[in-house]
Every structure is written in structure tokens, then in C-alpha cells.
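Engineer: Take a look at the letters that make up each chain.
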Amino acid sequence: MSSLWPRLEPLLAQVQKPARYIGCEDGAQVPEHAPHKVAWLLAYPDTYEIGLPNQGLQILYEILNERPDALAERTYAPWVDLEALLRRHGLPLFSVDTHRPAADFDILAFNLSAELVYTNVLNCIDLAGVPVRAADRSPEHPLIGAGGHCTYNPEPLADFVDFFVLGDGEEVIADITERVGQWKVAGRTPGSRERLLRDLASLEGVYVPSMYDVAYDDDRLVGVTPRFPDVPERVEKRTIADLGEWPYPKRQLVPLTEVVHDRLNVEVFRGCTRGCRFCQAGMITRPVRERPAAQVRRMVGDGLRRTGYDEVALTSLSTADFSGIERVVADTVADPANCGQVSVSLPSLRVDAFTVGIAAELQRARRTGLTFAPEAGTWRMRQVINKLIREEDLYGAVESAYSQGWRRMKLYFMTGLPTETDVDTLGIAELARNCTEIGRRHTKGASVTVSVGGFVPKPFTPFQWFGQNTAAELQRKMWLLRDELRRDHSVQFKWHDPKATLVEGMASRGDRRMGAVIEQVWRAGGTFQEWSEHFDLGLWTDALAAQGLSAEEIVYRHRHQDEVLPWDHLSAGLHKDFLWQDWRDALAEVGLPDCRWTPCYDCGACTGYSIEHVVASATPPAGGSQGTGQDLDWTPAPVPVQLGSRS
Amino acid sequence: MRVRLRFTKLGKVRFTSHRDVARIWERALRRAGLAVAVTEGFRPRPKLSFGLALSTGHESLAEYLDVELATPLDAAGVAGLPARLSPELAVGVDVVAAAAVEPGGESLQEAVRSCRWRIEALGVDPSSTERLVEVALGADELVVTRQRKGRDVTDDLRPAVLSVAVVGPTAGGTDLEAELAVHPRSVRPFELLAAVTPLASEGRVLRTAQLIWREAGREEPLLAAVDPDAWRASHAQPCTTGRDPRDEPSCTRGVEAEPGHDRTKHFPVPAGGPPER
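Note that the protein sequences, when read in sequence, are chains A and B. The opening position of the first sequence corresponds to residue 6 in the numbering used here, with each subsequent residue numbered one higher. The opening position of the second sequence corresponds to residue 110 in the numbering used here, with each subsequent residue numbered one higher.
Treat the hints with care, since some could be wrong.
Under the rule of at most 30 Å between Cα atoms (straight-line distance), these lysine-lysine pairs were calculated in the DSS-like manner [said to hold, decoys possible]:
(1) A:Lys504 / A:Lys22
(2) A:Lys42 / A:Lys189
(3) A:Lys499 / A:Lys581
(4) A:Lys189 / B:Lys258
(5) A:Lys189 / B:Lys156
(6) A:Lys255 / A:Lys42
If you are wondering where the hints come from, they were derived from the structure by calculation, not from laboratory data. All of these numbers come straight from a predicted model, not from anything done at the bench.
Between the sequences and the hints, there should be enough to build the whole structure, so can you do that?
Structural biologist: Structure (C-alpha cells):
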């Protein structure tokens with residue numbers, strides 16, 4: 006099939022931000038399609054400017070295009086103006102690289118980073134000219150795949166997606182490519198699609214929902230079981246053992262138009278063992294796998310020269326924990342090739358003065374704002390969520406930041422956490438006020454922005470059993486805080502819409518019956534639900550009622566220990582009894598230290614897959630309480646880490 | 110020292126905005142290793158000054174940028190700038206001329222008085238358009254109404270329409286050539302169409318020249334031999350068509366290309382051209 010460009014071109018003159026659809030980025034590839042190559046169309050189901058920087062998609066894009074038996078192009082959800090024009094002119098979803106129709110590809114693979122994009126997934130499948138329900142597809146249709154953090158509860162999308170990938174994608178895409186390539190070469194005969202899917206179901210890290218039966222008893226889920234003996238009862242996630250073997254992206258895409266995170270990004274480690282109990286990312290990406298420092302330096306240096314960016318972000322779930330972070334930062338800032346013009350950003354700052362010291366070093370070029378995430382307003386609450394930041398850590402960090410020239414501070418919090426009382430919620434206001442007071446000692450214009458989101462319990466965390474606060478309760482807490490901070494002009498208060506939090510909760514822990522709700526919302530025109538101008542709670546509550554479901558059942562109630570959870574047939578490596586014990590510890594307000602620097606407590610993530618932490622230092626980084634709230638002034642006992650012997 | 114660069118904006122990249130082009134330039138200058146002077150202060154910015162903005166979607170053979178260099182270049186260095194910078198820019202953005210300019214001189218935005226355009230009027234044929242152009246040029250005024258701050262404002266475009274002529278047919282309509290003044294405000298190509306051929310819609314639009322008015326006549330800030338008709342031919346195809354990437358310049362840059370592979374092939378970089386008066 007040929008390019009749709011000649012037919013798209015006149016439409017682009019009529020839409021907002023047409024540069025979203027032209028491709029042509031530095032790093033973009035123009036792959037050659039051929040019968041022996043498996044063609045992947047990697048889709049981000051949100052706008053180009055949100056989706057382009059996604060590192061997971063860029064990593065797979067490069068790895069697939071390096072293979073002789075595969076190719077990959079990209080697509081993003083067209084904004085509503087272009088979608089209307091496409092439908093009016095009978096044009097399908099297209100790739101931005103060669104503007105080929107989506108249905109020309111063998112696999113349409115979605116990145117699922119957030120729940121509110123689910124209706125966009127259905128819209129993209131439909132725009133591609135593929136039946137939205139997997140059961141309605143024939144051999145000529147592309148396979149619909151999905152990966153990313155949301156796949157740890159894939160059930161709400163199980164009716165629409167042919168296969169899900171759990172965990173790291175770097176290796177498993179090779180296995181999938183080989184299987185799909187054989188299918189393609191053998192000719193897509195009737196019945197072959199089902200045989201292929203059954204074959205894919207046996208791959209480690211691949212979940213094929215159509216190979217499982219779902220049983221309910223009295224309206225409650227009682228089991229998800231394989232339909233065939235060769236389909237695994239439990240699907241384990243895929244984990245790469247050594248990040249150093251995957252120095253991707255090697256040629257990060259440099260967009261021609263403005264996107265979020267418009268800078269060079271270098272992933273310095275994957276996984277996190279801080280053990281914050283609300284944090285799904287930290288639980289499902291274990292163990293910690295650091296990239297060798299020398300490779301980080303090389304990727305930073307090469308990347309800056311190639312892209313022309315003047316900013317690099319060292320990304321991970323907690324970058325200040327990277328062994329030898331100070332050296333890497335100092336080397337980058339001091340590199341004469343960078344002419345002193347390069348700034349380094351750490352998107353996830355730990356809350357202590359030591360971290361601010363690094364920040365001062367790396368933001369020499371520009372010193373605008375600093376962001377910290379204490380997450381909760383009182384020490385008691387932070388013990389419950391295991392984010393063990395002491396008040397003096399926060400004030401030390403803030404003091405240090407203001408004294409070194411920062412004027413603006415942003416603090417992230419959650420409300421609606423387990424055991425939370427109004428004392429905890431109002432504690433947020435008190436922390437913020439104390440921070441501005443510290444700031445005023447240094448600068449008159451000190452200001453603090455407090456950003457509060459409602460807590461959504463996520464699968465494979467100790468809080469997966471917790472009943473989410475109702476939208477009304479979250480709204481009451483937001484207003485409580487708003488009223489408390491109303492007269493304080495140095496504190497700006499921002500909150501996330503509790504109505505959107507409710508819908509996130511439905512998708513986060515709903516079972517397969519949520520599929521019909523998502524389909525109904527999509528059919529009613531509910532796309533781009535993560536955009537406040539398009540979000541419509543009414544569509545969701547109507548659809549829920551029409552399907553005979555309730556928010557009470559899916560979102561608000563606490564789960565029992567012996568209850569079957571919709572993701573029990575999947576595994577992120579974590580033992581369910583570990584998570585249950587951690588949930589009990591949370592309710593008892595007992596903190597749990599980071600296992601990188603303390604003995605193993607067998608969460609299952611390492612032992613289950615025979616892999617280990619890869620960290621270059623067996624001792625915690627210097628300074629502060631490391632956010633653990635514990636006295637770390639001791640000589641650590643031998644711990645199960647692989648000492649970094651690589652340079 | 111200050112250098113003036115003339116560049117094109119052709120093909121798919123025409124869908125980027127004026128601000129996007131500024132960002133593309135900032136990165137390209139760093140990639141080329143050119144030390145650009147930066148502004149003082151809290152957030153240092155490179156000292157770049159662009160000429161008249163070009164609407165998103167319009168193409169151009171005559172965009173301009175003045176760059177303040179921190180380290181001066183000799184004459185050969187300046188002459189080498191087109192070849193040095195074009196590979197670092199987006200496909201369709203090619204530097205076609207470069208020259209040192211006196212610091213403290215008139216800025217491009219002040220100096221340029223009019224622009225020459227190639228404008229495609231869709232849905233109308235050349236002969237009827239010819240008649241409408243004659244009528245328009247013979248009229249005392251060409252009144253257009255536009256919305257400004259929520260209110261209707263009427264303007265007489267006639268004094269700003271310095272010339273219009275039919276060039277010939279295109280696949281979907283008629284090509285016009287026009288010279289439009291930029292002061293007191295820039296007249297936009299769609300306004301010209303609205304005033305002259307109200308039934309036509311705007312197709313491809315190409316800026317062919319920005320003009321400074323001197324006593325001796327009109328002159329371009331920098332000369333380059335760029336031919337609008339050659340542009341039609343070379344840009345009939347988009348930069349990625351899914352054809353074999355080896356057959357044409359692709360969006361994929363340098364890294365894959367062989368050393369010395371010249372990607373600035375949309376336009377022959379001229380040694381100089383006939384002065385336009």
C-alpha cells in the first residue's frame with residue numbers, strides 16, 4: 006500500500022498543530038516494508054506532544070528497526086479536529102513515518118501509561134478500520150497488542166486487545182516477532198489467528214485474554230482460568246537482567262514541534278526498592294538495575310552532540326539514588342564540549358539537603374523551580390505509605406534550596422490515603438506554610454505551589470485491597486485544604502479533579518466487565534478523557550448503570566484477603582502474602598527500609614526470576630536520612646547486591 | 110559578529126510554526142558547533158533575530174535569520190555556513206545564502222517593506238481569475254472585513270496590494286503572483302484572495318522574496334538563485350513517501366548517511382545570482 010500523504014496534506018491545512026502529523030523528526034526512520042518483515046505500528050493513544058517523548062515506545066522502535074525480520078513505525082491519537090476530517094474523507098489512522106494506513110501493519114501495539122486513555126485505544130482501533138472487539142477480527146486484520154504499566158490490570162481492555170505484554174519489552178518483542186513472522190509467511194488462513202494467539206500465550210510475559218475463561222458467582226469475580234492445558238495458569242512478567250545491554254534509545258527522536266519533556270532523556274536505572282506503598286511503578290519494576298556510569302556518560306555526551314539539546318534529564322524512579330550520581334552530574338556540567346551551557350534535570354528529587362546540593366550543581370545554567378514529593382502531610386501518614394521523609398528532611402531541603410537561590414518550590418501530595426483523617430489532610434497546609442516561612446527568610450517573593458491528587462489504589466501494591474475515597478469525600482478534602490490556604494497568598498493550591506480520580510479507579514481495579522463500560526463511553530463520543538475539556542463523568546456513570554455495575558463495588562469498597570482480584574492470574578514477581586503483610590504493616594504504621602541497603606525480606610521480585618539488584622554501591626548514598634526516616638549512621642551488613650565490577 | 114542567513118522552508122516542514130522553526134535553529138546551531146552569543150540574565154537565550162513570521166502551512170524560498178556569533182568567522186567561514194548548517198536542519202529547511210552584516214544596522218523586521226508571493230487559488234480557472242485581477246487592480250479600494258478583538262474591522266487593502274498577476278493553471282486552480290506590503294500591517298495571502306477572487310480557497314502558498322526598498326529600487330536582504338518553478342517540480346513529492354529511502358533524501362539524518370553524503374539537495378546552493386531590482 007502506498008502513502009496516504011497526498012490525501013492527508015490538504016486536510017492538515019485545516020487542523021490545529023499540523024506538525025503533530027508530519028513525522029520528519031531527527032531520528033525518525035523510513036523503513037522498507039517487505040513480505041518477510043513483521044510490521045509493527047507502535048501507537049501512543051494520546052496526542053503527539055504527550056506521546057512522542059515516551060521512552061518505552063522509542064526504545065522498541067529502534068530495537069525493532071534494527072532487526073532484519075521486523076520494522077516499526079509510530080502513530081499517535083489524532084486530535085478531534087483531524088479525526089473528524091479523517092472520518093468525513095474516509096481516511097484511516099496512519100503512521101507518521103511513512104503515512105501508511107494502520108491496517109497495512111501486522112501488529113498495532115499500544116503503550117498504556119494511564120487509564121483515562123482507554124477510550125482512545127478503542128477509537129484508534131476503529132480508525133484503523135479494525136473491529137474494536139477482538140472476537141470479531143479475522144485473519145486479515147492486524148493483531149492488537151498493548152504494553153506499559155497499565156497492563157498489570159489488563160482486564161478492562163481484555164475484550165479489545167489480542168495480547169498484552171507484562172514487564173520490560175526489550176526481549177519479548179523478539180519472541181513475538183518470530184511467531185508473527187511465521188504466521189505471516191504461512192499465509193493468514195482461516196483459524197490461523199487463533200492458533201497464533203494460543204502460541205503467543207505460552208511466551209513468558211505475554212497474556213492473551215481470549216485464552217482464559219472468566220467466572221463470576223453472585224456478581225463477584227471468582228476466577229480467571231486457562232481454556233487450554235498449554236496456556237499458563239499464571240502469566241509472569243518479563244524482566245531484563247542487565248540494563249547495560251540495552252543502551253537505548255541510541256538516537257532519541259528530536260521533534261520539530263513542541264512536546265512535553267522536550268530534552269535529552271537518559272534512563273540511569275530501572276526499578277525502585279524504596280517501597281512506597283502507593284507506588285505501582287516501584288512495585289512492578291523491581292529489582293533495581295543500574296546502568297553502568299560510564300555508559301550513562303557516553304549516552305549523555307553522544308546524545309547532546311547528536312540532538313543539539315541543551316538539557317538532559319537523568320531518568321528513573323528516584324535518580325538521586327543512582328550510585329555515584331554526583332560524579333555523573335559534575336562530569337556532564339563540566340564537560341568542555343558542552344560549553345557550560347547544558348543543564349541537567351532530575352525529574353524525581355529525593356527530599357533532603359544532599360539532593361538539593363546536587364541540584365545546585367546541575368542547574369547552574371537555569372535555576373527556576375524545584376519539585377519535591379512528600380506525598381502526605383503528617384509523619385504518621387508517611388509511615389503508613391512508607392514514604393519515610395521526616396519533617397526536618399523536608400525543611401532542610403527547602404532551607405538549602407532557598408539559600409542557594411531558588412525562589413519557587415512545588416510540593417506534591419496525595420489525599421484519600423488509607424487511615425487518613427482530616428488532621429493528615431490539614432497537615433499538608435501546615436507543611437506548605439512552614440516552607441514559605443523558611444523561604445521568606447531568604448527572599449521576599451518566596452512561593453510554594455501545593456499540588457494535591459486523589460489517591461487511586463493500584464494492582465500489585467499493598468494498597469490493592471484498599472477502598473478508594475468517594476469522589477464526594479475527595480472533593481470535601483480538597484475544599485478543606487482550599488479553605489485552609491485561602492488567605493495564604495504565598496501558597497498556590499492546585500488539585501486534581503476528584504471526578505477524574507473516580508474514573509481512574511474504575512479502570513485501575515475493574516474486572517473484564519468494565520470493557521462494556523469503556524466501549525459505551527467511546528461510542529457516546531468520550532475520547533481524550535484525560536483532557537479536562539473533554540472529560541465527562543456523566544458518560545461514565547451512565548455506562549456503568551447501563552451495564553448493571555456500580556462504583557461502590559468496583560472502586561469504593563475494601564477487598565477481602567481471600568477475594569479473587571482481577572489480576573490474580575498475572576504476576577509482577579511479588580508474593581501476594583508479602584503484599585498482604587505490607588498492607589498489615591501499613592495499617593500498623595510500620596515502615597520498611599530499602600532492601601538495596603538492608604537484608605532481603607523476600608518480596609519475590611528477585612528470587613522468583615533468579616535475578617538480582619544491579620547497583621554499583623553496596624552502601625546508601627551520603628547525607629540526610631535518605632528519606633527513610635531511619636538512622637543510617639551504621640555500617641551495613643553484607644547485603645544481596647551484585648557489586649558493579651563494570652566500569 | 111553578526112551574520113545574516115537566508116533559508117528555505119519547503120515540504121512537510123511547512124506545517125511547523127514560526128516558534129518551532131526558532132527551536133529547530135537553536136538546536137542546529139549547537140549541533141554545528143557554532144558559538145552563538147547569549148543574552149545576559151537569569152535565563153540566557155541565544156541571540157537570534159528572525160525576519161517576518163511565516164504562517165504555519167506556508168512555504169518559503171526567502172526566510173531570514175540574523176545570528177550574533179560569539180566567535181567571529183573569516184570570509185571563508187561565512188561562505189561555508191550554508192553547507193555547514195543545512196545538514197543540521199530539518200529536511201526542507203536549507204540555508205541558501207550567508208553574509209556578514211554590520212552590527213547595529215536596521216533589523217530585518219524594520220527594513221523589509223514588502224513580500225513577493227506565489228499563491229494558489231483553488232477552484233478557479235486562470236481566465237476568469239485574470240478578469241477579476243484586472244477589476245481589482247482598477248478599483249479605488251479593496252475592502253475586507255476581519256475580526257479583531259471580537260469586533261469587525263474593515264480595511265482597504267488596495268494600497269498594500271503592490272502587484273497581482275496570474276501565472277497559470279495548477280492541478281486544482283490558478284497560481285497567482287503578488288507583491289504585498291508589510292506596513293502598516295502585513296497583508297496575508299488569504300486576504301488578497303478574499304478581496305480579489307472571493308470564490309477561491311487558499312491552496313499552496315510560497316513566499317518568494319522579502320524586499321527592502323532602496324532609492325535605486327527593491328532589493329532582497331540576501332540574494333540566492335531560487336526558482337519557484339523548480340520548487341514546484343522538486344516538491345511534488347513529500348520528504349517521506351514510503352519509497353525506498355535510498356532513492357531520495359529521507360527524514361533520517363546524517364547518522365545513517367555515508368560520510369560526505371550531501372543532504373542539502375533540494376536546492377543547488379548558488380554562488381550568487383542576478384541582483385533583483
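Engineer: Determine for every hint whether it applies to the structure shown.
Structural biologist: To see whether the hints hold, each was checked on the structure:
1. A:Lys504 / A:Lys22: Distance ~29 Å between A:Lys504 and A:Lys22 Cα, so the pair holds.
2. A:Lys42 / A:Lys189: Measuring from Cα to Cα gives roughly 9 Å; hence the hint holds.
3. A:Lys499 / A:Lys581: violated (36 Å)
4. A:Lys189 / B:Lys258: violated (58 Å)
5. A:Lys189 / B:Lys156: violated (55 Å)
6. A:Lys255 / A:Lys42: Given that 30 Å is the threshold and the Cα spacing comes to 22 Å, the pair holds.
Checked against the numbered hints given earlier, the structure breaks hints 3, 4 and 5 and satisfies all the rest.
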